[in-house]
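Trainee: Sequence:
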Amino acid sequence: MALRDARVPRYTSFPPANRFSTAVGPAQAERWLAEVPAGSAVSLYLHVPFCRRLCWFCACRTQGTRSDAPLDLYLRHLDREIAQVGGLLSDGVRVARLHLGGGTPTILSPERLDRVAAMLRAAFDFAPDAEVSVEIDPCDCDDARLDALVRMGLSRVSIGVQDFDPQVQAAIGREQGYRATRDLVESARARGVTSINIDLVSGLPYQTETTLRRTLDAVLGLRPERMALFGYAHVPWMARRQRLIPDAALPDPGQRLALAALARETLVASGYVPIGIDHFALPGDSLAVAAATGHLHRNFQGYTTDDAETLIGFGPSAISSFPGGIAQNVASTGEWQSRIAEGRLATARGHVLSPTDRLSASIIERLMCDGAVQLDEVARLHGTSHRLLLKRARKAIDSLAGIGTLRDGLLTASGPSTVRLLASYFDPGFEPAEETYSQAS
79 MALRDARVPR YTSFPPANRF STAVGPAQAE RWLAEVPAGS AVSLYLHVPF
129 CRRLCWFCAC RTQGTRSDAP LDLYLRHLDR EIAQVGGLLS DGVRVARLHL
179 GGGTPTILSP ERLDRVAAML RAAFDFAPDA EVSVEIDPCD CDDARLDALV
229 RMGLSRVSIG VQDFDPQVQA AIGREQGYRA TRDLVESARA RGVTSINIDL
279 VSGLPYQTET TLRRTLDAVL GLRPERMALF GYAHVPWMAR RQRLIPDAAL
329 PDPGQRLALA ALARETLVAS GYVPIGIDHF ALPGDSLAVA AATGHLHRNF
379 QGYTTDDAET LIGFGPSAIS SFPGGIAQNV ASTGEWQSRI AEGRLATARG
429 HVLSPTDRLS ASIIERLMCD GAVQLDEVAR LHGTSHRLLL KRARKAIDSL
479 AGIGTLRDGL LTASGPSTVR LLASYFDPGF EPAEETYSQA S
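Numbering (the working numbering), first residue to last: 79 to 519.
Since the hints were made in silico from the structure, they are not lab data. Glycine is no exception: its CB is placed at the ideal position from the N, C-alpha and C atoms. A hint or two may mislead.
Claimed, not checked - DEER-style ranges, computed between Cβ atoms:
# : residue 1 : residue 2 : range
1 : R97       : D325      : 23 to 31 angstroms
2 : D220      : Q141      : 39 to 47 angstroms
3 : E420      : D207      : 35 to 43 angstroms
4 : A450      : R144      : 44 to 52 angstroms
5 : R458      : G142      : 45 to 53 angstroms
Construct the complete structure from the given sequences, taking the supplied hints into account.
Mentor: Shown next, in the form of structure tokens:
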């Protein structure tokens, strides 16, 4: 198997979401919530599934709306879900982090954002230094919305850019001018937001090294504290809107690797520290510090410094993570609303973690975060023999030349493009399937 042809999970969770089952439902989720220790810190994720426009490249759980009526219906049910979950937690549990994602969270008006903040504050105790982050579409945000987010406690903004080239933007259904992006960055910083993240995507239709260089130059001029460089996952069999993107316009596997390498080299030469397989941060940023000290983590939102054992998700398709396993809400907004209206959790599927799962998750997270893992140390922490782990490592190295090295129990990926593939050798449930996973590079 050639690296450029390999399709493997992105490993934002273990096991990957396509292996969740209906064996986990509302009753199991309630038990996990009740088991969260009193006085512990948790993280919250709020999924806003609506967008004014549906970008064709996106494979997230979203739906378009021109009317505000669905937003108010969503908020009524969100209020119920937040109150129900808050009532299941022990006294003294506090919120250390809140992330609003989507969809487009800033599709909500300032008044609606204030309402969301009131719901959350009524149900949960927030730590004084709680981190609040939000994903923003610069074309659907204004100063009044930013002010509402600041009232919520906003500390970090994540902005989707993807690519500034007009032809690329037209091909992915996302027109977004540089000026709108620049104005949003300046407005956020004027309001005291000190952490800006910008998302870029390589491997998009009609993208070339020349157009990507222009986008990188424009973004670097904004000097965001963090950047993410994702490889475009073309999965039209899963995300039907991607069928609007012509296959012939996509770069071939070799071109994809060249585009990713160009972006990586440019960002590193501009003073950004590479984080994991697809993130970059300025040296003083907390993400860079976590990576340098071995405290980097990976969850459903990507790379993070969040070390909370419990992440609670709200809204349709939102995922919660507990020490005992993973629970995901039903994906359909209508079905989510029906379940919440009936007074029950909207959990539709998930996974109970076994000891083997925990071992695999530990190895895979370190590979994804550090590009390396000390196998004997992981085996010791999980009370198992390291011989089997060494055997899997040798199998990976023997199966694909250049994937990595094994020396004195330390397994090291040869580079960012081989990390996911190397991690898959420690995933006992992985079965190569072209129509399930995205390309490894």
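Trainee: Hint by hint, note whether the structure agrees.
Mentor: To see whether the hints hold, each was checked on the structure:
1. Between R97 and D325 the C-beta distance comes to about 28 angstroms, which sits within the given range of 23 to 31 angstroms.
2. For the pair D220 and Q141, the beta carbons lie near 22 angstroms from each other, so the given range of 39 to 47 angstroms is not met.
3. Range check, E420 to D207: about 37 angstroms between beta-carbon atoms, so the 35 to 43 angstroms window is met.
4. Taking the beta carbon of each, A450 and R144 are about 49 angstroms apart, inside 44 to 52 angstroms as hinted.
5. Distance hint for R458 and G142: a CB-CB separation of about 51 angstroms, consistent with the stated range 45 to 53 angstroms.
Violated hint for the displayed structure: number 2, the only one.
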